[in-house]
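Colleague: If you want the building blocks of each chain, they are given just below.
There are 2 protein chains.
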Amino acid sequence: MSNVQKDRILEGAEELFFKAGIRSVTMDEIARHLGMSKKTIYQYYRDKDDIVSALVQKKLEEDKEEMCGIGIKSSNVMEEMITMMKHSEDFFSRVNPIVIHDLQKYYPEAWQFFQRFKADVVIDSMQDILDRGIVQGYVREDIDTKAMARMRVWQIELGFDNSVFPHNEFNSWKVQLQFLEHFIYGICTAKGHEILNQYKNILEHN
Amino acid sequence: MSNVQKDRILEGAEELFFKAGIRSVTMDEIARHLGMSKKTIYQYYRDKDDIVSALVQKKLEEDKEEMCGIGIKSSNVMEEMITMMKHSEDFFSRVNPIVIHDLQKYYPEAWQFFQRFKADVVIDSMQDILDRGIVQGYVREDIDTKAMARMRVWQIELGFDNSVFPHNEFNSWKVQLQFLEHFIYGICTAKGHEILNQYKNILEHN
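First to last, the protein sequences are chains A and B. When we follow the UniProt record's numbering, the leftmost residue of the first sequence carries the number 1, and every step to the right adds one. When we follow the UniProt record's numbering, the leftmost residue of the second sequence carries the number 1, and every step to the right adds one.
Quick caveat, the hints were computed from the structure, so don't treat them as lab data. A few of these clues could be false.
Copies of one chain are not kept apart here, so a pair can be met inside one copy or by any two copies together.
Stated by the list, open to error - Derived lysine-lysine pairs resembling BS3-like cross-links, with alpha carbons at most 25 angstroms apart: (1) K174 <-> K118; (2) K19 <-> K58; (3) K200 <-> K146; (4) K118 <-> K73.
The structure presented is a predicted model; accordingly, all values stated were derived computationally and were not measured.
Construct the complete structure from the given sequences, taking the supplied hints into account.
Modeller: Dropping the structure here:
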C-alpha cells in the first residue's frame with residue numbers, strides 16, 4: 001500500500017468536503033471523484049470517519065508548519081498577524097462553513113483533534129506573538145498576554161457556536177474574520193493600529 | 001410589612017455577600033448583621049435563595065438605570081464607554097469575585113436572571129453604542145455591530161468560566177477588565193484609540 005495513494009484519497013476527499021461539507025458527501029462520490037473503486041479506498045481507510053480524522057490531523061499539521069513559517073519570514077508581529085489574517089481569509093473563501101458545523105456535530109473524534117490542537121499549540125503561539133509584540137512596541141504593554149491568548153482561542157469556538165451565532169442568521173466565516181480583526185486592533189498600540197489601517201487601505205484600493 | 005424593611009434586608013445581605021461571597025454567609029449572620037430576628041426576615045423572604053434572587057434582580061435594575069444615565073450624560077460614546085469602565089473597576093474593587101462563582105454554581109434562578117438580562121438588555125444597548133460610535137467617528141465603520149455586541153456579552157461569561165480561566169490561576173475581575181479594555185480598543189478608530197490612551201495616561205499619573 002502506497003503513501004502516495006493514501007494522500008491522494010485525502011486530497012480528493014478534501015476537495016469534495018470543502019465544497020459541499022462533510023456530511024453530505026458519500027464514499028461513492030469520493031471514489032467516483034478519484035476514479036478509484038471503493039474497495040481500494042477501504043484498503044487505506046476504515047470508513048468515512050477515518051478519512052475525516054486523518055484529514056483534520058493533516059490540515060492541523062500543515063497549519064502548524066505554516067504558522068511557524070510565517071513567524072520566521074515576518075520582520076515583526078504586525079506583518080505576522082496580517083499574513084495570518086490573509087491566510088484565514090483565503091481559507092474561508094475556499095471552504096464552505098458547513099464543514100465546521102458538520103465536524104462539530106457529526107465527527108467528535110476529528111473535532112477533538114481540533115480542540116486539543118487549540119489548547120496545545122494555538123494558545124502558546126498566540127501568547128508568544130503577544131509577548132514579542134510588546135517588546136517590538138506594537139502590542140500594548142498592559143495586556144495580560146496569557147489571558148488574552150486564551151480568550152482569542154475560545155473566541156474561535158464561540159463564533160462557531162450555533163446557539164450564540166445561529167448559522168441561518170450569521171455567516172460563520174464573516175464572524176470569524178470580525179473577531180480576528182477586532183482582536184488584533186484590540187491588542188495594538190497606536191503604532192500597531194496605524195499599520196493595520198494602512199494594510200486595510202491597500203486592500204480597499206485593490 | 002414595609003418595603004423599607006424589605007429593602008434594608010437586601011442591603012444588609014449585599015454588604016455581607018460582597019465581602020465574603022454568597023455561599024458562606026448564613027441567615028443567622030444576615031440577621032445578626034441587621035440587628036433583626038430571623039423570624040422577621042422570613043416574613044419578607046422565603047429563604048436565602050429568595051434573598052439572592054431578589055438582590056440580583058435589584059442590582060440588574062439599578063445597573064440598567066445607571067447605564068442609561070451614563071448614556072444621557074455623556075457627550076460621546078468614548079466618554080460613555082470610559083465611564084462604564086470606571087464603574088466596572090469600582091464594582092470589582094468592592095466585590096469579592098467569589099460572588100459570581102457562587103451565583104453560577106449554587107443559585108441557578110438568580111443566575112438565570114443575569115443570563116436573561118444579558119440577552120435582553122446588554123446586547124441591544126451595546127449594539128446601540130457601537131452604532132452611535134460609528135456615526136461619531138470613534139468606532140470603526142467596518143464593524144458588524146450586531147456580531148460584536150453579541151461577542152462582547154458572551155465574553156463576559158467566558159471570563160467567568162472556571163474551565164477556561166481557573167479561579168486559582170486567574171483573578172476573575174482582572175480578566176474581565178482585560179476583556180473590557182481590549183474590547184474597546186478593538187472597536188476604536190485611531191481617533192478613539194487616542195482618547196482611550198489619554199484617559200489611561202491620566203489614570204497612571206493619579
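Colleague: Decide, hint by hint, whether the structure agrees.
Modeller: Status of each hint after checking the structure:
no.	hint	verdict
1	K174 <-> K118	both (20 angstroms within a copy, 23 angstroms between copies)
2	K19 <-> K58	within (18 angstroms within a copy, 51 angstroms between copies)
3	K200 <-> K146	between (28 angstroms within a copy, 21 angstroms between copies)
4	K118 <-> K73	within (23 angstroms within a copy, 43 angstroms between copies)
Figure legend: structure checked against the earlier numbered hints; every hint is met.
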